[in-house]
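J.: Letter by letter, the chains look like this.
Number of protein chains: 2
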Amino acid sequence: MQKQYALKGNIIYTKSFGKFETVKDGYIIVEDTRVKGVYQKLPEIFNNIQLIDHGNSLIIPGFVDLHLHAPQFANLGLGLDKELMQWLETYTFPEESKYSNIDYARKVYSTFIRELWKVGTTRACVFATLHKNATKLLIDLFDQSGLSAYVGKVNMDVNSPEYLIETLEDSILDTREILEEYSSKYELVKPIITPRFVPSCSIDLLKGLGSLAKEFNVPVQSHLCENYGEINFVRKLHPDYKDYASIYDNSGLFGEVPTVMAHCVLVDEEEIELMARKKVFVAHSPNSNCNLSSGIAPIRRLITRGIPVGLATDVSAGHSLSMNSVLVNASQVSNIKWLESGRVDKPLSTAELFYLATKGGGQFFGKVGSFEENYEFDALVIDDSSLSIFKTLTIEERLQKFIYTGDDRNIKERYVAGKKIEEPKCC
Amino acid sequence: MQKQYALKGNIIYTKSFGKFETVKDGYIIVEDTRVKGVYQKLPEIFNNIQLIDHGNSLIIPGFVDLHLHAPQFANLGLGLDKELMQWLETYTFPEESKYSNIDYARKVYSTFIRELWKVGTTRACVFATLHKNATKLLIDLFDQSGLSAYVGKVNMDVNSPEYLIETLEDSILDTREILEEYSSKYELVKPIITPRFVPSCSIDLLKGLGSLAKEFNVPVQSHLCENYGEINFVRKLHPDYKDYASIYDNSGLFGEVPTVMAHCVLVDEEEIELMARKKVFVAHSPNSNCNLSSGIAPIRRLITRGIPVGLATDVSAGHSLSMNSVLVNASQVSNIKWLESGRVDKPLSTAELFYLATKGGGQFFGKVGSFEENYEFDALVIDDSSLSIFKTLTIEERLQKFIYTGDDRNIKERYVAGKKIEEPKCC
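Here the protein sequences line up with chains L and H, keeping their order. Read in the numbering used here, the first sequence has 44 at position 44, and its numbers run on one by one without any break. Read in the numbering used here, the second sequence has 693 at position 266, and its numbers run on one by one without any break.
Mixed in with the good hints, there may be bad ones.
Computed cross-link-like contacts, DSS-like style, restricted to lysine-lysine with a CA-CA straight-line distance of at most 30 Å [claimed, not checked]:
id, chain 1, residue 1, chain 2, residue 2
1, L, Lys425, H, Lys828
2, L, Lys401, H, Lys509
3, L, Lys41, L, Lys391
4, L, Lys82, H, Lys451
5, L, Lys346, H, Lys509
6, H, Lys559, H, Lys534
7, L, Lys41, L, Lys401
8, L, Lys82, H, Lys446
9, H, Lys828, L, Lys401
10, L, Lys118, L, Lys401
11, H, Lys839, L, Lys401
12, L, Lys82, H, Lys828
13, H, Lys818, L, Lys118
14, L, Lys401, H, Lys534
15, H, Lys818, L, Lys107
16, L, Lys412, H, Lys828
17, H, Lys559, L, Lys391
18, L, Lys82, H, Lys442
19, H, Lys509, L, Lys15
20, H, Lys839, H, Lys435
21, L, Lys236, L, Lys278
22, H, Lys828, L, Lys107
23, H, Lys794, H, Lys846
24, L, Lys401, L, Lys419
25, H, Lys839, L, Lys107
26, H, Lys634, H, Lys705
27, H, Lys451, L, Lys107
28, L, Lys185, L, Lys3
29, L, Lys242, L, Lys207
30, H, Lys852, L, Lys401
31, H, Lys525, L, Lys401
32, L, Lys420, L, Lys36
33, L, Lys391, H, Lys545
34, L, Lys346, H, Lys773
35, H, Lys509, L, Lys19
36, H, Lys828, L, Lys118
37, H, Lys839, L, Lys118
38, L, Lys412, H, Lys852
Note that these hints are calculated values from the structure, not bench results.
Can you build the whole structure from these sequences, using the hints too?
T.: Structure follows, in structure tokens:
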């Protein structure tokens, strides 16, 4: 007999792209780690299980952040009037080099995880640094917190500052060591293959990582077509490849295993075709793309072509850990994209964006991001009583108000895979 | 002998556009309502005045919000997947009609002012509704709070729903009554002439308001060239005028007295020329312009042409009362505008934007928004100890971190015109 319990509240989630499901004063039955069902009235067979009544609160799926850099957390909000390549050299690389120091890593990573908990992110695809030990620590800390994550040791063996580079051999060996140790160690925290991006990886390294991905059957994350300067650099480095995506593809890093690529602001038609065919995920990071003058990704177009999309903070090129901020910004830039595209690429609605921030990105983790039967139960309980005080709102409007005007103070409880997660200990 | 006191802390402000002035562990001397001077060492003559030591905190000028709608506060975060004209009809006009009820007005307006206090806005240019009594109440509540504001009774006598319209005669009479009663009543809260926008005002009304502005020598606020749909409507209504701005101009509402126009997203060359000549302020409201799919205002170009610019939340088309949010968004859209303009309109730096959010908008109020000698002392004391914990940052970087990652929890004290402002009582 598995552990069952019921949560009561105003339930809102999305099954399909752009359509809210709501149950006012409804019940979610959780069995072990997963959703058993959502009901308007509690079925009699559940009369004797534990009932947690959240009164007038909202119950929504936990947020999925499909791309962010844990070691850049200390730089949050800094240097955001630079472009990508300049920003990497001035702010990011010097900061990442500090993670050879495990004490520094422990201090920042534990704070980072606590802040992630605060803002209601229950699943995340995380870049660490190239440092093996700090990466292992980050995996362990995530497991201790109860949050779910893919965590990648970053690989970079060329075109990187001498204080933040590794040899091809070390890069492969260290990655293999982490995969061997962690692939099956934890239920909710897993390693992921993480070439930084094409400019900082030799073709041999990319191919080696492609082989490891296949051997260990682990997913891949990287960056693709973020910024003009970056793309020009890739073209100069690899004139023999037809485009950026094909470099990953030729190394077995583009959809052979589940793959997520951050940004995709400037993907061309052939790259879109390839991503659609190989079901490569896009981690849409609008705050980052605006902050670093990268542009606006053609998200409506990518979705229409059948490419799976999730939302991402891309901390610290994105300045906020909060998915609320990303949801708002993603809506705003989709409006500007609509104008830019001559009113062709329709703006993204709140329901569409909420889907991307939960089930859209959640699909990278399996059955995650919805309250449909058999989905892992990740949830936030939202007390919006301080936000909606002047009139009676629908559940959809209350969610919209929370997204646009709420913050961590409104998040009362967090659940991951059926378990209530307490505030992680820090430092 | 006037009252003097000193504040000690890490002082940062802007004298000129784009250049921070900083004094680490410095002193600001306040005499009565104004700044006497900023010093690295306390001059001996001030040895005996009261000293308030804020330790390691930042001391910055208070924020100036150059355009927002108090009665739309209850709608904050709602309906933001609509365009302007549709949004007005569905959300805004029905909400504003409620302000015939003075009890409702008291409830929302007092909460609104408390929230404005929270986020560190010390001066604001505020639209009320067309209702005379609720507008008077808003002026009184602002005065009681200690915050400074221009508050305008909205005028609208045509093309408005029957539940939210007034006759030409009432509009003029009610406005005159408010001007007579309030023009000299309070030191820091003043009435302002507020035609809603061209579509909702007859030419007779605009001309009547122009005469009142001149007669009472009070400033003017309105909307200009926000959105394509709106501009097309104005063209259809007034084919005999060469453009939107000239309709205000021909009515004596465009720079005869100090004038601020919200948005100016789509101003043409002749309008820019006129604004520059008549020193008409722009209230740049990027959150609003993104939320309602209006576009990105050409702020770099307007500034280069010598037009005075401030920043604004435009609540509730803008979803946040916080000027932090506007500063971030204004930076982001300036980056996108740089790309859109073929890399001609340079992005706005943090120092430039901070100037706009303080001294830029402050100039509409007189000597406001800086710590230069004889400026009214409006200030925020920022405790950023929760934000900057991993390394030593410069004062500029600490300000940047507060703007991008801080919120009302970091604001420890607020001052307006030399006086510390306590949390306003609410409801």
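J.: When you check the alpha-carbon spacing of H/Lys839 and L/Lys107, does it fall within 30 Å?
T.: holds, 27 Å
J.: Check the hint pairing H/Lys818 with L/Lys107 against an upper bound of 30 Å on the C-alpha distance.
T.: The hint holds at about 12 Å.
J.: Within 30 Å, alpha carbon to alpha carbon, are L/Lys420 and L/Lys36?
T.: Given that 30 Å is the threshold and the Cα spacing comes to 17 Å, the pair holds.
J.: H/Lys828 and L/Lys118 were given as a pair; does the straight-line alpha-carbon distance stay at or below 30 Å?
T.: The hint holds at about 18 Å.
J.: Given the hint that L/Lys391 pairs with H/Lys545, test it: the Cα-Cα distance must not exceed 30 Å.
T.: holds, 22 Å
J.: Are H/Lys818 and L/Lys118 close enough, with their CA atoms no more than 30 Å apart?
T.: holds, 22 Å
J.: Taken at face value, is the distance from the CA of L/Lys401 to the CA of H/Lys828 at most 30 Å?
T.: Within the cut-off at roughly 25 Å; holds.
J.: Regarding the pair L/Lys412 and H/Lys828, is the alpha-carbon distance no greater than 30 Å?
T.: At roughly 26 Å apart (the allowed maximum being 30 Å), H/Lys828 and L/Lys412 satisfy the hint.
J.: So if I understand the rule, the pair passes when the alpha-carbon distance is 30 Å or less; does L/Lys41 with L/Lys401 pass?
T.: With Cα atoms ~27 Å apart, L/Lys41 and L/Lys401 stay inside 30 Å; holds.
J.: Going straight from one Cα to the other, do H/Lys559 and L/Lys391 come out at no more than 30 Å?
T.: holds, 23 Å
J.: Is the Cα-Cα distance between L/Lys82 and H/Lys828 30 Å or less?
T.: holds, 15 Å
J.: Given the hint that L/Lys185 pairs with L/Lys3, does the C-alpha gap stay at or below 30 Å?
T.: holds, 23 Å
Every hint, counting from the list given before, is met by this structure.
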